[in-house]
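Asker: What follows is the residue order along each chain.
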Amino acid sequence: MTYDWSVVWDHRFEFLNGVWVTIILAVSVMAMSIPLGIGVMLLRQCGIKALEVIATVFVEVFRNVPLLLLVFWAYYALPRLTGASLSNVETGVIALLLNVTAYNSENFRAGVNSIRKGQLEAGLSLGMSWSQAMRKVVLPQAIRRVVPVLASQWVSLFKGTSLVSAIAVADLAYVGLHLRGSTFRVLEILTALAVIYWVLAYPQAKLVDWLHRKYGAQE
Amino acid sequence: MSAFDAAAMKARKNEGETPIIAYQGLVKNFGLLQVLKGIDAHVNRGEVVCLIGPSGSGKSTMLRCTNALETITGGTVLFDGEPLPSDDKVRFVRRRMGMVFQSFELFPHMTALANVMSGPTTVLGMPTAEARDKAMGLLSKVGLADKAESYPSQLSGGQQQRVAIARSLAMDPQVMLFDEPTSALDPETIGEVLNVMKTLADEGMTMLVVTHEMSFARRVADWVMVFDRGQIIEEGPPAQVFDAPLTDRARDFLSHLGWSG
Amino acid sequence: MQFDTSVFSYMPFMLDGMRITVILSVATAVTTLVVGLVLALMRLYGPRWLSVIVTFYIDTMRAIPELVVLIWIFFSIPILTGASMPPFWAALAALTVQVSAYAAEIFRAGLTSIRAGQTQAGLSLGMSRAQILQKILLPQAVIRMLPSFGSYLTMIIKDTAIASMVAVPEMTRNAEVAAQQTYRSMEIYTITMLLYFLILFPTTRIVEAIYGRIAHRGRS
Chain B
18 MTYDWSVVWD HRFEFLNGVW VTIILAVSVM AMSIPLGIGV MLLRQCGIKA LEVIATVFVE
78 VFRNVPLLLL VFWAYYALPR LTGASLSNVE TGVIALLLNV TAYNSENFRA GVNSIRKGQL
138 EAGLSLGMSW SQAMRKVVLP QAIRRVVPVL ASQWVSLFKG TSLVSAIAVA DLAYVGLHLR
198 GSTFRVLEIL TALAVIYWVL AYPQAKLVDW LHRKYGAQE
Chain U
110 MSAFDAAAMK ARKNEGETPI IAYQGLVKNF GLLQVLKGID AHVNRGEVVC LIGPSGSGKS
170 TMLRCTNALE TITGGTVLFD GEPLPSDDKV RFVRRRMGMV FQSFELFPHM TALANVMSGP
230 TTVLGMPTAE ARDKAMGLLS KVGLADKAES YPSQLSGGQQ QRVAIARSLA MDPQVMLFDE
290 PTSALDPETI GEVLNVMKTL ADEGMTMLVV THEMSFARRV ADWVMVFDRG QIIEEGPPAQ
350 VFDAPLTDRA RDFLSHLGWS G
Chain H
4 MQFDTSVFSY MPFMLDGMRI TVILSVATAV TTLVVGLVLA LMRLYGPRWL SVIVTFYIDT
64 MRAIPELVVL IWIFFSIPIL TGASMPPFWA ALAALTVQVS AYAAEIFRAG LTSIRAGQTQ
124 AGLSLGMSRA QILQKILLPQ AVIRMLPSFG SYLTMIIKDT AIASMVAVPE MTRNAEVAAQ
184 QTYRSMEIYT ITMLLYFLIL FPTTRIVEAI YGRIAHRGRS
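Residue numbers (this note's numbering), protein chains in the order written: chain B, 18 to 236; chain U, 110 to 370; chain H, 4 to 223.
Among the hints, a few may not be true.
Computed cross-link-like contacts, DSS-like style, restricted to lysine-lysine with a CA-CA straight-line distance of at most 30 angstroms [claimed, not checked]:
no., chain 1, residue 1, chain 2, residue 2
1, U, 250, U, 307
2, U, 256, H, 138
3, H, 138, U, 198
4, U, 243, H, 138
5, H, 138, U, 146
Each pair of labels, with its calculated beta carbon distance range [claimed, not checked]:
no., chain 1, residue 1, chain 2, residue 2, range
6, B, 102, H, 16, 27 to 37 angstroms
7, H, 60, U, 136, 19 to 29 angstroms
8, H, 22, B, 149, 34 to 44 angstroms
9, U, 141, H, 213, 41 to 51 angstroms
10, U, 140, H, 22, 53 to 63 angstroms
11, H, 215, U, 164, 34 to 44 angstroms
The hints are simulated quantities; they were obtained by calculation from the structure and are not laboratory data.
On a predicted model such as this, the values are computed, not experimentally measured, just so you know.
C-beta: ideal position from N, C-alpha, C; glycine also.
Next comes chain B alone, as it looks inside the complex:
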């Protein structure tokens, strides 16, 4: 059995294209999910029961379904639910966004809640207003807590983008699967696919570890 690794080099531009799409997907979804996640978190505490319930249901539902299924559901259900016709990329982005926003809102909620109430009270007893105390005492600490978790979420998202390949979005995984079929150099292409992901994500995972060490909970 001979292996022909040159096939990987021959298709390097397609791989690079796939990498590019993967990165764009991950960056745009993460960028949107942070403010949306904060929004959902605030909705859960806003005081209007109906909105709180909707937000909670949102979070619980989209954290408790597999991402792949969500991708399929978005592909088939969204056009019928919204009447809009969406491209595959847009569908993929929405599915990822629903998933990551739900997780992020939980992350933010846990981060804020993990700051002991005494901290807020200490700020208030110094004479700060509630919003001053939140801004100067609670939120800075909460952000430190949340950064490592967000970083882990990013790595998850990066891997999760591979699932949009199932609806024919031309990310890295799709390119790999497609080339496997077209070149029949299965082992070489798939191994190269794994290696490329590894090269991209391994440093990110290490960065996440570093962030956990640097910003990990200190009490």
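Go by the hints and put chains U and H onto chain B.
Answerer: Then chains U and H, alone, in the frame of chain B:
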């Protein structure tokens, strides 16, 4: 190197026999920090020796070198005349010593009874029924027979420490090492633990106790060693050390504690 | 927008998929816990070279998507070894390879979170390192790990969905098949989402309840 009265040293309990523990030039470094700077001392069979001194002076470190929880940097520790093995065989020597920790260190996933049984069953391979009887006997001895099926989280600090003492005693040790046994306890519960320790002392157990409880040391100890900055600066019978210290540094330390006898 | 309820005739088919999902999830949970524990022990207590290899393996599995691992195993193992790779076993192998890395990290966190004093107490009684690990550290570590165990199980159950990509007849795959046959994609997929939710939501709650009962046995 330490200051002591020669006659008092001669008059120590069982002096002249092979000491149960002996330290020869014991040195311990943590990285660049030298915590024990050459200790020469010994503990005789049946003695109750109290180690006192400021925090950081090395008393706990010396205790932990005694049962090789800390590895020695220089010098020798002799148990019953034999140097401590430097390899895994030291655990056979550890069986002959009992250690009681400041933080109790009961095993939280076991009941009090199971904790006390853990040594004999795991280490000595004692049959469960025999170990249970022995453990119940020891729990009665420390006054906690009714708490045998309780988990550590359900016991007060003083109760936990008494269970910890029972757990160490279950191994029938020749020596009991106490590392600030009451420092983590509420004042109300310190007494119950000290009483158990006094009972042990009266029964003739050899005990090496790091403590800040000066009145306990004064009443119960046979010999006191005063530590300062990694050395024993003075040692002697409690009457001498507490009431008429030989060295200025010991006198300063005791007066800082407000010790008035 | 109509929700066609005739799709409910497909329920037995969907529940068949659920059966496979549960079987695959349980199998994965068992294999990954065993492998994960072994990996964690190797990493914490093994010789340095082994520890380095295991750490590299764990970090690598964090970096490669499950889908890629699955596809690689499904297609490459037959090429490399000539053996056939039935989809279910490929999925189980891929999930095990990937998720045991995660399990190893949970075990490691549990074991290292136990105070050094516990080990010292065991040493002072004359126990050997192996006895300490078995009787003192692991029981406490397992209890401490329980909160993570709930999310661990839910993660596995969700991960089983990728098995659909190699045609394992679990819930997601059956949803695809049903959708193709009935043309009622939205209803089918919505029901499937609900079915997953119905499995996953209680799982976390049950684990939390168990943990609440015995948490105190892990606190040293």
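Asker: Now look at each hint and say whether the structure bears it out.
Answerer: Status of each hint after checking the structure:
no. : hint                                 : verdict
1   : U:250 with U:307                     : holds, 12 angstroms
2   : U:256 with H:138                     : holds, 22 angstroms
3   : H:138 with U:198                     : holds, 20 angstroms
4   : U:243 with H:138                     : holds, 20 angstroms
5   : H:138 with U:146                     : violated, 37 angstroms
6   : B:102 with H:16: 27 to 37 angstroms  : holds, 29 angstroms
7   : H:60 with U:136: 19 to 29 angstroms  : violated, 42 angstroms
8   : H:22 with B:149: 34 to 44 angstroms  : violated, 57 angstroms
9   : U:141 with H:213: 41 to 51 angstroms : holds, 48 angstroms
10  : U:140 with H:22: 53 to 63 angstroms  : holds, 59 angstroms
11  : H:215 with U:164: 34 to 44 angstroms : holds, 39 angstroms
In summary, the numbered hints that this structure violates are 5, 7, 8.
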